[in-house]
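Asker: The residues making up each chain are set out below.
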Amino acid sequence: MTRRVRVWPVFVAFIAAIALEVVPLPGVLQPVRPPLPVMVLIYWAMMWPQRFGLGTAFVMGICLDILHGQLLGQNALALSVVTYLTLRFHLQIRIFPLWQLTMTVFALLTIEAFLQFMIEGLAGLEPFGFSRWSRVLSGALFWPLVLGIMDRLRTQVENRDPSFN
Amino acid sequence: MALTTVEREPGSFRSASPGLRLILFCILSITLMVLDHRNEHLVGVRKALAVTLYPVQLLVSAPFDIRRTVSESMATRSQLQEENLTLRQEVLIRSVRLQRMAALEAENARLRALLDSTEIVGDQILIAEIVSVDMNPFRNMLVINKGGSDGIYIGQALIDADGIVGQITRDRHYSAEAMLVTDVDHALPVELARNRLRTIAVGTGELDRLSLPFLPLNADVQIGDLLVSSGLGGTFPPGYPVGVVRDVRKVTGQPFLEIDAEPAAALNRIREVLLIKPGGRDPFADPDNIPETNKPATISAPPPADNTTAAGESG
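For the protein sequence lines, the chains are L and Z, in the order given. Numbering-wise (the working numbering), the first sequence opens with residue 1 and increments by one. Numbering-wise (the working numbering), the second sequence opens with residue 1001 and increments by one.
One thing to keep in mind: the hints can contain errors.
Each pair of labels, with its calculated beta carbon distance range [claimed, not checked]:
| no. | chain 1 | residue 1 | chain 2 | residue 2 | range |
| --- | --- | --- | --- | --- | --- |
| 1 | Z | I1093 | L | S134 | 36 to 46 angstroms |
| 2 | L | V12 | Z | F1256 | 34 to 44 angstroms |
| 3 | Z | T1031 | L | A16 | 28 to 38 angstroms |
| 4 | L | A16 | Z | L1080 | 52 to 62 angstroms |
| 5 | L | L137 | Z | E1258 | 30 to 40 angstroms |
| 6 | Z | E1082 | L | G27 | 22 to 32 angstroms |
Far from chain L, by Cβ distances over 10 angstroms, these chain Z residues were calculated [to be verified]:
| no. | residue |
| --- | --- |
| 7 | I1030 |
| 8 | S1061 |
| 9 | Q1081 |
| 10 | S1095 |
| 11 | L1098 |
| 12 | D1116 |
| 13 | G1148 |
| 14 | N1195 |
| 15 | V1221 |
| 16 | G1231 |
| 17 | T1252 |
Since the hints were made in silico from the structure, they are not lab data. Even glycine gets a Cβ: it sits at the ideal position worked out from N, Cα and C.
Extracted from the complex, chain Z is given alone in its bound form (with noise of 0.2 angstroms):
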């Protein structure tokens, strides 16, 4: 071991002084790190190291998508009856929701209409897959499949089939960071969709639960509370759920109330998102007609989309 390890290579220990090389390479690391800290300067740098490192990224998901592959597709039969049918029996519930809401939709233009107000344009949506790495453990972030070159841009808000997932905060060209709305740094204006009390939700780190530190003791605020998005900021759409007040404390000699809200997207669980883009062709409702049956939105994906499977027809 590392007892019988004599120099075994003769010549100079580091030629160069490897002090000077210590200052050397500390100099040029504070500078990187003071260009960076505002994710200003070095976006393109980062973005062709990124590149260069997706092959690494690749090589790591790999056994988890190839186990997930194989798991899909040596599902038993009766699995796979059993899934169909509760998927059936969701396709109809939904759908059975949709036609109500595709009626809302055309009584909300047409009061709309009255009042002279904007219309609501609907939302642009693309799927993607989150690929299995583990980013910063200190941080609630995840990398997705999908990156610059599919169209997607900074700032672009993610969503799941239960509410708002987070926000993308690095272009990695062929993938992109996002940030949970549960991470530390993460703040999101939402409004009580009981009240429309508009507040801000911000994260704690913990991929369950998000906090809401500035409503007042007074305000108006009980255990079960759906949060959506209030879209003011302009990053998220408004409407989209994010998350259902928990837990409501008053702490005497605090100014505002302690409230605890758990994320409405199961956030640990997650494989797929969608990506929304605001003010496309509205796909979720068409109010010039009321649907027939049970069609389902054409959910309106951008080509490179190819695993777009939410607009079909069910039995």
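Here chain L stands alone, though its shape is the one from the complex (with noise of 0.2 angstroms):
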């Protein structure tokens, strides 16, 4: 397979991801707006554990702690332990049917926000709301969408390799 591969769609998704984290929503819809960044991250790190783990995890939480005004290294945190757990069961989740797959990705939304509630307690900073937990919930609602959106990324990405080598 080719040793240099084109990843700069796959940072524009990221860099994407990370910018609807910030777009302004009505306030109706703020506790329902998915935590596209995490899913983004869980998705490549199954995917593409070579190119995309720890380190991209690590960055990406500094850049949301900083866009979302949050103590620094509590997204980087949080991420990277969710990061650690999709590489340590990528080959398992990988095969898993969609539904399966889809509390999988459940379970590590969980984890991630589980995360941040504890990191804010520690913290003193009364973490509050139903929100945390419901964007949860609309992350594994829009799973199957992000999947769907990310598959098609990835098969152009892997397609085009050999050709631009």
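Once you've looked at the hints, go ahead and assemble the two chains, each given alone in its own frame, into the complex.
Answerer: Below, the structure is given as structure tokens:
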């Protein structure tokens, strides 16, 4: 297989996910904004673990921390842990049927949200609000869609590789 | 879909053990969090990263800015006429009030001179716009398009046309993060305009509610009382409206009243804010000369405020 692969479309997907995280939504929709950065990260860590792993997760987490005005390192820690779990089990979850995969993603998103909840609690930032958990649910509901889009992106990226090298 | 993928790329999976890497990254992020917690040690790092990420913010807010510009330039003539009319009326009403205000200011200055009390100095003002990005959903924060490069500093007070909005918490050099008065971490020294009873207004996390948890049961508070900033604590200049008391509850067995107030500023609709810098030249009044007809205050804005439109001649 090729050594040099065009990965910029994937980075564009990452940046898009981060940007969608801060797009202003009306107040009603804010609790159901899916946590796209985590989902996209899970996808790529699962499908392409050689290229996207803990480093990507950490950098992405720092970006989210800055944009959200949260504690520096909070998202980075949560994303690193989730990515580690994904990497650890990527061979299993990759071949799951859709519903099982969705359940796994739901579990991973819950872990992520729970880590953030704990960190904020430890830092004394009054972690409250149910929107943290409603976002997890909405993330699981949106997962098939994200999966479809990312699968298309991946086939494109992979098909394009040889011809460009 | 996922089923069809066989391990495409050969080679080892993460030659360095992923567990080790995870531990490394965890230690790194925990160190960062500890250093950042009280917002002291990583100010420079945060600022540098925020400046790097500013393009993302611009990208996100661009469609909203464009829509705003388009809707402004596509307004019909009748809409504009209507708006013009309302604005004219408002200017008229306000300038009439301002005339009285100037006389009162002059009187106040005279009385203060008689009492040998210190003079009240005015505040400098800079106008900033809200950047259309969402912050942490659990906090009441926003981003404005002016930062340290425009002379904004941490702790500076934000107001809008109706009252106090919040204060600057983080400088991002070209932009800044502000915490609203309704944030759970925010507390603001206020006094009741009616009887100068001093207390603290604490944010609740809801955009339309402040809480006053520290007033004893016998305190003289009524629904409809106006809260103004008391100026204690030094962050907010005194005398700006903060909110209106909406609900006063006596809970049996509790030593304090439970009081809800509604913020004066329309926190979920603001597009522009004024940044106050206490102790500049007084922008609002000129006690020496009682103003001629309707000359609104010349707002002394520093040069970078490109969109100051507050000072104008009204017909």
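Asker: Please go over all the hints and tell whether each is borne out by the structure.
Answerer: Here is what the structure says about each hint:
1. Judged by the Cβ atoms, the range 36 to 46 angstroms given for I1093(Z) and S134(L) holds: they are separated by roughly 45 angstroms.
2. In this structure the hint that V12(L) and F1256(Z) lie 34 to 44 angstroms apart at CB is violated, the actual value being about 54 angstroms.
3. Between T1031(Z) and A16(L) the CB atoms are about 30 angstroms apart, so this pair conforms to the stated range of 28 to 38 angstroms.
4. The supplied range of 52 to 62 angstroms is broken by A16(L) and L1080(Z), whose beta-carbon atoms lie about 37 angstroms from each other.
5. Taken as a hint, the range 30 to 40 angstroms holds for the pair L137(L) and E1258(Z), whose Cβ atoms sit roughly 33 angstroms apart.
6. For the pair E1082(Z) and G27(L), the supplied restraint of 22 to 32 angstroms holds, since their beta-carbon distance comes to about 28 angstroms.
7. Distance to chain L contradicts I1030(Z) as a non-interface residue, since its nearest Cβ pair spans about 7 angstroms, not more than 10 angstroms.
8. In this structure S1061(Z) is not separated from chain L by more than 10 angstroms, as the shortest Cβ-Cβ distance comes to only about 8 angstroms.
9. At roughly 30 angstroms, the least C-beta separation between Q1081(Z) and chain L is larger than 10 angstroms, which holds for a residue marked as non-interface.
10. Look at S1095(Z): its CB is around 35 angstroms from the nearest CB on chain L, clear of 10 angstroms, so calling it non-interface holds up.
11. For L1098(Z), the shortest C-beta to C-beta distance to chain L comes to about 35 angstroms, beyond the 10 angstroms cut-off, and the non-interface label holds.
12. Listed as a non-interface residue, D1116(Z) keeps its Cβ farther than 10 angstroms from every Cβ of chain L; the least gap is roughly 46 angstroms.
13. With 10 angstroms as the threshold on Cβ separation, the claim that G1148(Z) sits away from chain L holds: the shortest Cβ distance comes to roughly 15 angstroms.
14. The claim that N1195(Z) is not at the interface with chain L holds, since no C-beta of that chain comes within 10 angstroms of its own (minimum 32 angstroms).
15. Remark: the non-interface label on V1221(Z) is consistent with the geometry, its nearest Cβ contact in chain L lying 26 angstroms away (cut-off 10 angstroms).
16. For G1231(Z), the condition that its CB be more than 10 angstroms from all CB atoms of chain L holds, with the nearest at approximately 27 angstroms.
17. The Cβ of T1252(Z) lies farther than 10 angstroms from every Cβ of chain L, with a closest approach of about 26 angstroms, so its non-interface assignment holds.
When held up to the earlier numbered hints, the structure conflicts with 2, 4, 7, 8 and fits the remainder.
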